[in-house]
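Engineer: Take a look at the letters that make up each chain.
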Amino acid sequence: MTFFSHLRKAAIATAFVLGATAVHAEEQYFPLQSYRVGPYAAGGTGFFGGFIDYLNLINIRDGGVNGAKLAWSEGETQYEVEKGVEVYERLKSNPGIAAWNPLSVGIAYAMIDRITDDKVPLITINHGRTDTTDGRVFPYVFPLLLNPYSETSGIVNYIASKEGGLDKLKGKNIVVLYHGSPYGKETIPIYELLSQKYGFELSQIEVPHPGNEQQAQWLTIRREHPDYVVLRGWGVMNPVALKTAQKTGFPADHIIGNVWSNSEEDVIPAGDAAKGYTAITTQASGERYPVVQEIVKTVYGDGKGNLEDNSRIGSVYHNLGIVNGILNVEAVRIAQAKFGNRTLTGDEVRWGFEHLKLDPARVEALGAKDLFHSINVSWDNHEGDGYVTFQQWDGKKWNVVSDWIAPDWKLLRPIIEKSSEAYAKEKGIKIRTAEDADAVVSN
Amino acid sequence: MSYYDFLFVIEVLVGGLLSGVMYSLVAIGFVLIYKTSGVLNFAQGSMVLFAALTFVSLVERGIPFALSLLITFAVMVALGFTIERTVLRPLVNRSPMTLFMATLGLSYIIEGAAQLIWGTQVHGLDLGIDDTPFEVGGILISSFDLLAAAIAAAMVAGLSAFFYWTRIGLAFRAVADDQFAALAVGLRLPRIWGTVWTAAGFVALVAGLLWGARLGVRFSLSLIVLKALPVLVLGAFDSILGAIVGGLIIGASEKLAEVYLGPFVGGGIEGWFAYALALVVLLVRPSGLFGQKTVERV
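Which chain is which? The protein sequence lines are A and B, in order. According to numbering that gives the first Met the number 0, the first sequence is numbered sequentially starting from 0. According to numbering that gives the first Met the number 0, the second sequence is numbered sequentially starting from 0.
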């Protein structure tokens with residue numbers, strides 16, 4: 000990466016921003032609160048790169064979605080909440096906004112009231128607050144594929160599968176090493192609940208932000224002799240955890256990473272200490288999937304690829320961006336089928352998301368078989384019952400080591416509803432019905 | 000206390016001391032500049048990032064290890080003299096707060112420049128040092144941390160020798176004692192400041208390589224200054240020995256606190272415990288354990 004390539008990117012981004020202000024016929028617009036500099040730039044460039052690559056594929060290959068061109072512009076947030084809100088205020092007046100995709104818990108939290116007033120969907124794929132799964136209370140927020148509770152359940156189910164069944168968890172010792180932030184603490188109650196349900200011993204240990212020192216935590220872990228350590232990390236905490244585990248003699252193949260501890264950026268800095276480490280994911284990595292191949296051929300072949308380093312094509316964050324692109328575009332397509340092949344309002348796209356049902360056959364038709372499993376969003380279930388799989392790092396690449404695993408949604412739903420109903424009561428929000436969800440603002 | 004518990008205490012203590020040495024590595028860079036110019040260089044963390052990122056980017060482009068090291072050092076020398084020429088010299092005789100704010104701004108500029116030039120990707124840094132632990136009397140010790148401690152010790156010895164037995168070292172000490180008196184006897188302050196920033200750049204390079212091998216070379220490498228600040232408050236801003244002893248005390252006490260006090264207050268306390276300890280020392284000894292007591296006529 001050079002100074003001049005940055006300059007070129009900046010020029011292109013500026014052109015997009017300027018271009019976005021001009022209204023074209025039948026154009027659906029995605030405002031992107033991206034982060035390409037700052038501490039989390041590696042994740043931001045991968046995710047937003049994949050998202051833009053997919054939007055470009057639809058424009059180049061299909062001429063848009065049923066004739067509606069996809070447009071976007073970026074505003075740099077550096078992953079900071081105040082900058083994210085500022086970008087939101089700057090871009091929200093652009094016409095034809097389909098959905099917001101900030102990929103930041105903090106920015107998403109700050110936007111919930113705003114996007115609810117604006118009636119535009121907010122997508123928090125694989126993250127966000129768990130109770131936004133309940134569409135009865137949060138009509139415009141969509142933690143697609145995986146909320147933190149489902150992630151927890153998926154990880155426990157995977158450990159159970161390694162031990163020979165859920166009944167074999169009894170008496171096992173599991174340590175959860177979590178990031179000292181609201182994100183890290185989100186799953187504390189659900190791990191406790193699952194521990195009581197399945198009878199495993201549980202310790203939850205906090206690592207202070209940013210997590211570049213973990214000697215004390217891992218010595219404590221060593222003293223406890225756990226069977227597994229679940230790593231609920233973020234950023235620099237992840238490679239440091241793997242390296243410190245090695246220093247204290249804990250085997251990497253008994254560490255299970257959560258969905259924000261599963262990227263190449265988390266394991267490469269750890270070197271050999273990461274070999275054998277396993278992590279949950281909703282989307283497999285690699286380039287072998289037809290949709291990724293098409294992006295390579297059509298978008299990168301046309302010189303419009305968004306990643307500056309082509310070796311990152313098919314990486315965890317890039318593929319997550321592609322899957323996010325698929326879900327956004329299909330929601331628009333589904334909404335068009337009801338409201339017409341034109342530029343849709345945010346509320347119409349919300350309706351599209353609430354009918355986003357992609358079964359494995361449809362996923363295969365989209366060229367994403369085995370990239371992700373399926374999704375089944377409804378007006379009251381905004382997560383959409385995403386399946387998870389597990390990948391193991393071999394020192395060079397991730398390899399899938401499990402089937403697609405279903406979290407225990409039935410167990411989780413009452414807890415989610417309890418939380419969302421408490422939120423509704425606190426905020427004076429009327430609980431939606433199916434009829435409310437079908438009432439759509441079209442202008 | 001059982002024998003096993005006793006061993007565990009020792010293990011936590013040793014781990015903490017070795018971590019403390021890593022904090023000292025960063026703190027020494029601050030001390031060098033503070034000693035000679037009275038500036039708290041907040042950009043030291045960014046210099047660590049810049050050095051590590053430059054080195055790893057050169058290695059990844061196929062340049063041999065030793066040559067990359069040499070080039071990076073040359074870059075840090077150039078950076079040191081550039082900072083002196085463009086930031087410090089125009090601000091000479093300004094208040095310490097003005098100079099501090101200048102280094103704060105400098106920190107952002109260096110961070111931005113590092114990402115602009117070398118990109119935002121996270122890099123692994125393999126120094127070829129095996130990091131598997133070895134056992135001594137039932138205690139696991141990290142070979143990497145042990146080597147880092149040896150490197151820090153060598154660097155402190157080298158810097159001490161430099162300060163006490165070379166002409167330029169003597170000039171450094173003269174400037175540290177009294178800038179105006181040093182000027183009066185003909186010492187050239189700009190040259191000395193340029194050289195000391197170069198020395199700080201060298202320390203940043205060493206710290207960057209060792210911390211980079213530990214954490215990976217990434218933007219958050221610059222956050223390690225947060226670990227150095229309580230070390231400086233406790234040990235003193237103007238004492239290399241203070242930086243070493245302060246690092247050891249902070250490293251050991253925060254690890255022991257995390258393990259033995261943490262469970263009673265919900266855990267995750269080592270982030271603030273070091274600052275709490277430094278604050279207590281600040282109340283008792285405002286100039287730190289090894290700092291010079293300043294007496295001013297009022």
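Simulated from the structure, these hints should not be mistaken for laboratory data. For each residue, glycine too, the CB sits at the ideal point set by N, CA and C. Please note that the accuracy of each hint is not assured.
[Claimed, not checked] The following label-pair restraints were derived from C-beta to C-beta distances:
1) A:S92 x B:L260: 45 to 53 Å
2) B:W271 x A:D112: 26 to 34 Å
3) B:L260 x A:A109: 31 to 39 Å
4) B:R84 x A:D61: 51 to 59 Å
5) A:S92 x B:Y107: 51 to 59 Å
6) B:S1 x A:G170: 41 to 49 Å
7) B:S1 x A:K161: 27 to 35 Å
8) B:V135 x A:E200: 38 to 46 Å
Engineer: Could you run down the list of hints and mark each one as holding or not?
Structural biologist: Here is how each hint holds up against the structure:
no., hint, verdict
1, A:S92 x B:L260: 45 to 53 Å, "52 Å, holds"
2, B:W271 x A:D112: 26 to 34 Å, "32 Å, holds"
3, B:L260 x A:A109: 31 to 39 Å, "34 Å, holds"
4, B:R84 x A:D61: 51 to 59 Å, "56 Å, holds"
5, A:S92 x B:Y107: 51 to 59 Å, "30 Å, violated"
6, B:S1 x A:G170: 41 to 49 Å, "24 Å, violated"
7, B:S1 x A:K161: 27 to 35 Å, "33 Å, holds"
8, B:V135 x A:E200: 38 to 46 Å, "30 Å, violated"
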